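Asker: Please arrange chain D on chain H, whose structure you already have, making use of the hints.
Taken in order, these protein sequences are the chains called H and D. Quick note: the first sequence, position 260, residue 260 per my numbering, numbers continuous. Quick note: the second sequence, position 359, residue 359 per my numbering, numbers continuous.
Take the hints with a grain of salt, since some may be wrong.
[Said to hold, decoys possible] Each computed DSS-like pair below joins lysine-lysine, with the alpha-carbon atoms no more than 25 angstroms apart: (1) D:K248 with D:K558; (2) D:K124 with H:K182; (3) D:K124 with H:K54; (4) D:K189 with H:K54; (5) D:K35 with D:K248; (6) D:K509 with D:K325; (7) D:K392 with D:K35; (8) D:K558 with D:K581; (9) D:K107 with D:K151; (10) D:K509 with H:K182; (11) D:K581 with D:K283; (12) D:K363 with D:K392.
Hints were generated in silico from the structure; no laboratory data involved. Because the structure is a prediction, the values reported are computed rather than measured.
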Amino acid sequence: MWSFIVRRLLIMIPMMFFISVICFVITELQPGDFVSQYLDNPRISPAQIELLRKNLGLDEPAHVRYWNWIKGIVTRGDFGYSFAFQRPVGELIWERMGWTIFIALGAIVFQWILAVPMGIYSALHPYSFGDYTLTVIGFIGVSIPDFFMALILMYLMLQMGAASVGGLFSPQFVGAPFSLAKFVDLLKHIWVPLIVVGMSGLAGLMRVMRGNMLDVISSPFVTSLRAHGLDEKTVKKHAIKNALNPMVSIAGTELPNVFSGTIIAAIVLNLPTMGPFFYNALLNHDQYLVMTFLMFIAIITQIGNLLADIALAILDPRIRMS
Amino acid sequence: MRRIFLLILAVLFTAMLMAAPFVEDTLLTPDPNPKMGGTLYLALTGSPQSFNFYGTLDNNAYTVVGQMLTGLVEAHPVTSAIRPALAESWVVSENNKEVTFHLRDVKWSDGVPLTADDVIFTFKYFIMNPVARGNSVDRFTIEAQPIEWVKVDDSTVKAILPAPYAAFFTVLSHAYIYPSHALEDKIDKDRPDSVNDLWLTNTPPSEIPANGPFVLSEYIIDQKVVMTKNPNYWKVDSHGNKLPYVDKVEYIIVSDAQVRLAKFMAGELDYMAVSGNDFPILKERELAGGPFRVFLAEPTQPTPSPIHIAFNFDAENPKLREVFKTTEFRQAMEYALDRERIIDEVYNGLAVLGGVPVLPSNKAFYNPKIEEIRRPFNLAEAARLLDELGFKDVNGDGLREYPDGSKFEFVLTLQSSPQEYQDIAYIYSQDLLSIGIKVNLQILDSSLTGQMFGAGSFEAGLRAFGNQPDPQLRKAIWQPGTQLYYWHRTTRDPETNLPIFENMLDWEKRVYELFELGQVAMDHAVRKTFYDEWQEIYAEYLPVIFVCKGMNLYAANKSLGNVEQNEEGLLSYASWTVFKK
Chain H
1 MWSFIVRRLL
11 IMIPMMFFIS
21 VICFVITELQ
31 PGDFVSQYLD
41 NPRISPAQIE
51 LLRKNLGLDE
61 PAHVRYWNWI
71 KGIVTRGDFG
81 YSFAFQRPVG
91 ELIWERMGWT
101 IFIALGAIVF
111 QWILAVPMGI
121 YSALHPYSFG
131 DYTLTVIGFI
141 GVSIPDFFMA
151 LILMYLMLQM
161 GAASVGGLFS
171 PQFVGAPFSL
181 AKFVDLLKHI
191 WVPLIVVGMS
201 GLAGLMRVMR
211 GNMLDVISSP
221 FVTSLRAHGL
231 DEKTVKKHAI
241 KNALNPMVSI
251 AGTELPNVFS
261 GTIIAAIVLN
271 LPTMGPFFYN
281 ALLNHDQYLV
291 MTFLMFIAII
301 TQIGNLLADI
311 ALAILDPRIR
321 MS
Chain D
1 MRRIFLLILA
11 VLFTAMLMAA
21 PFVEDTLLTP
31 DPNPKMGGTL
41 YLALTGSPQS
51 FNFYGTLDNN
61 AYTVVGQMLT
71 GLVEAHPVTS
81 AIRPALAESW
91 VVSENNKEVT
101 FHLRDVKWSD
111 GVPLTADDVI
121 FTFKYFIMNP
131 VARGNSVDRF
141 TIEAQPIEWV
151 KVDDSTVKAI
161 LPAPYAAFFT
171 VLSHAYIYPS
181 HALEDKIDKD
191 RPDSVNDLWL
201 TNTPPSEIPA
211 NGPFVLSEYI
221 IDQKVVMTKN
231 PNYWKVDSHG
241 NKLPYVDKVE
251 YIIVSDAQVR
261 LAKFMAGELD
271 YMAVSGNDFP
281 ILKERELAGG
291 PFRVFLAEPT
301 QPTPSPIHIA
311 FNFDAENPKL
321 REVFKTTEFR
331 QAMEYALDRE
341 RIIDEVYNGL
351 AVLGGVPVLP
361 SNKAFYNPKI
371 EEIRRPFNLA
381 EAARLLDELG
391 FKDVNGDGLR
401 EYPDGSKFEF
411 VLTLQSSPQE
421 YQDIAYIYSQ
431 DLLSIGIKVN
441 LQILDSSLTG
451 QMFGAGSFEA
461 GLRAFGNQPD
471 PQLRKAIWQP
481 GTQLYYWHRT
491 TRDPETNLPI
501 FENMLDWEKR
511 VYELFELGQV
521 AMDHAVRKTF
531 YDEWQEIYAE
541 YLPVIFVCKG
551 MNLYAANKSL
561 GNVEQNEEGL
571 LSYASWTVFK
581 K
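Isolated chain H (complex conformation) (with noise of 0.2 angstroms):
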């Protein structure tokens, strides 16, 4: 098992090397950079323009400006500096952490909540009226497109005379100290980020677990549970956590799909997440601060599929590390 880990995490190294060089090419082609915005202002002289690039070190080819980026993370740690911030870009992506983490997470939550009793429903109840039902509300949550369901979440609250729209607070609360008005307050927001960030994935889960569900109630072994005289409940309870075995293998790519996959949405609802943050950084050209994200959605994706493996090795005792 342990010989297995530090074999997965070695491979993460020369991993990381070539998305990292994969990632470098594709924002070096990007058009223009930082200063390319500036050159219509009429208040920025071309001089200062020039000054602002050789400081920024823009004038340096990019093989030696990604060598220069490699060598301060292997070396320093240092992730570089962020050209619109002027701050090192591990400081700002850090001081987003937080909330990106709870609200991925508590979509995550959300979505496994809901995904596997009604994935367990619709398969005990096959081709019936509430199995059509659940998945009907699950494909609607597949097709929407997540800013989309934002914004008609967000107008039919406002059509309902809501006092607060978007964010996860309402302005007072933004900031104040931990209270319990200031939950109650989170409360009546967060559930909306948490459909639309939730919903997309929803259907993908609960068709995964019906399909489970499916195979392993028409499977030998549950026919034999039965000839042996189990109860009905028992059967289902065995069937059930055979079923949720090859979910926790799709539970390792939720993560990074819920960190870069909802920013447009994140936009639409005014999240302090680091999704817009990065959606600007790329508008604004802001290479190693972009650079720097797609790193860590890289490396939380490896991770991920990492913790995936180990939990299920520890669930199922059919699957061997070797």
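Answerer: What follows is chain D alone, placed relative to chain H:
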């Protein structure tokens, strides 16, 4: 005894004089019974990138800093007239080359007095520091020589100008004074660009003293910027109340325009700019009894920039180059521009015919004569001019050919957003097609069009540049031979950045001269004659064809007092004079 009494009286009198606060214009405080206190909620379109005005190039940062700091003089928020701010008064010398400022007796928000040292410090390390990111070196340099600042005594500073400089007070209104007591020892004197690292977004707000109406009190990352009333602000209203009226201003950071609108309608925001698309919805809701007022005001601001159409005098195709340089051709092109229809259909009627580019609301500089010169939409006249130039349909395909019989068409380059750009280009190209001119629209991402215009690699272009209260501030666009005079790049040497006069047309030479004259003349009436002539030349020779200018659209919650629109159509609003009813 009598002498002591007189002395006391004299001291008291001087103290009163020195402490005389600035009484705010009643235009901004029409309500005689303002209510004190409360929080004003405003929107910010993105997170500020810094709190250092001179260390960043970010508009959101400028908005926030604009509430905390002021300069020696300031522009009236409604009329843009220059008036005293941190300087109580000033004297201009006979030769127009020395201005002596007498500073108001002002304390920073942390209680330290503001002195001449602060002014000198600000100019030395920030405004005139070429490596400060948001410096203003160019604006305070005349004929390649910097303006010099001298301390006379603690409350007097003198500016020595190398030559008379008319826009001096206008540029000064954007020069915020910084606190030397809070910053001087934080600057690395060996590394002048270290000033950019001051007051970044991780600075504790208590380290940022203010001399404006508000003090930064809290920044919650990506969510809001909170500012509280500066107890030492030096303005009062005409009833003697200390300004500002509200206790707090909270900038809620909302990057999506639709969400800003939703938040405004839900009452989470008190005041905001409205886009032309949202105006009808808001107006409808207002008339249906919504809790807000919507204003359609005469445009006064540089933004949104008015759109213009340019024909590249240096187009790669030599035949096009010749045509585009021909004045009559550009005049024909103006006749073909249906401004009224564009205002109606593209702007929902929420735009006015602008200037060239001075706004009609700019009483100080607008020359109404351009309205007579401006060519109204007249396709027949456009066709006649084109006929005269020899562009006729020779082969009977409905499209005009060059006089030599070859195919005549050109590409109009524009950016894909905002949508107005595409709509205008489409209407224009259809009208041109109806008189036999084929225009190929090239709609690209703004970063690409920016590069193309910058490199002069386009044929015709649709673009926008801002208006300014003083034409001098946009010299870099409208004067031939400058960096942004992009439709005639060969008037500027890219190596030396100097103008090349032999490449200028005669009227361009005159425009060049007029801007130079307007820069050094100090008498407003004299300056106006120069800029009047410039506007007439622009209207006549059309280096670019201005389309129209979007109006100022704002919405204010009904609970907000002292937001009014006057008879001239100007909207008065200032964060330090509004109050919550």
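Asker: Run every hint past the structure and note whether it holds.
Answerer: Here is how each hint holds up against the structure:
Of the pairs offered as hints, the one joining K248 (chain D) and K558 (chain D) holds, with about 18 angstroms between alpha carbons and a cut-off of 25 angstroms not exceeded. For the suggested pair K124 (chain D) and K182 (chain H), the alpha carbons sit about 47 angstroms apart, so the restraint of at most 25 angstroms is broken. For the suggested pair K124 (chain D) and K54 (chain H), the alpha carbons sit about 22 angstroms apart, so the restraint of at most 25 angstroms is met. Among the hinted pairs, K189 (chain D) with K54 (chain H) is consistent with the structure: their alpha-carbon atoms are about 20 angstroms apart, no more than 25 angstroms.
Annotation: proposed proximity of K35 (chain D) to K248 (chain D) holds, straight-line Cα distance about 14 angstroms (limit 25 angstroms). Under the criterion of a C-alpha separation no larger than 25 angstroms, the hint pairing K509 (chain D) with K325 (chain D) is consistent with the structure, at around 15 angstroms. For the proposed pair K392 (chain D) and K35 (chain D), the alpha carbon gap of about 70 angstroms is over 25 angstroms, so the pair is violated. For the given pair, K558 (chain D) sits about 8 angstroms from K581 (chain D) by alpha-carbon distance, which is consistent with the 25 angstroms threshold.
Proposed proximity of K107 (chain D) and K151 (chain D) is supported: the alpha carbons are some 18 angstroms apart, at most 25 angstroms. This hinted pair does not check out: K509 (chain D) and K182 (chain H) have alpha carbons roughly 66 angstroms apart, beyond 25 angstroms. For the proposed pair K581 (chain D) and K283 (chain D), the alpha carbon gap of about 22 angstroms is at most 25 angstroms, so the pair holds. Between K363 (chain D) and K392 (chain D), the direct Cα distance comes to roughly 44 angstroms. Violation of the 25 angstroms bound is thereby established for this hinted pair.
Hints 2, 7, 10, 12, counting from the list given before, are not met by this structure.
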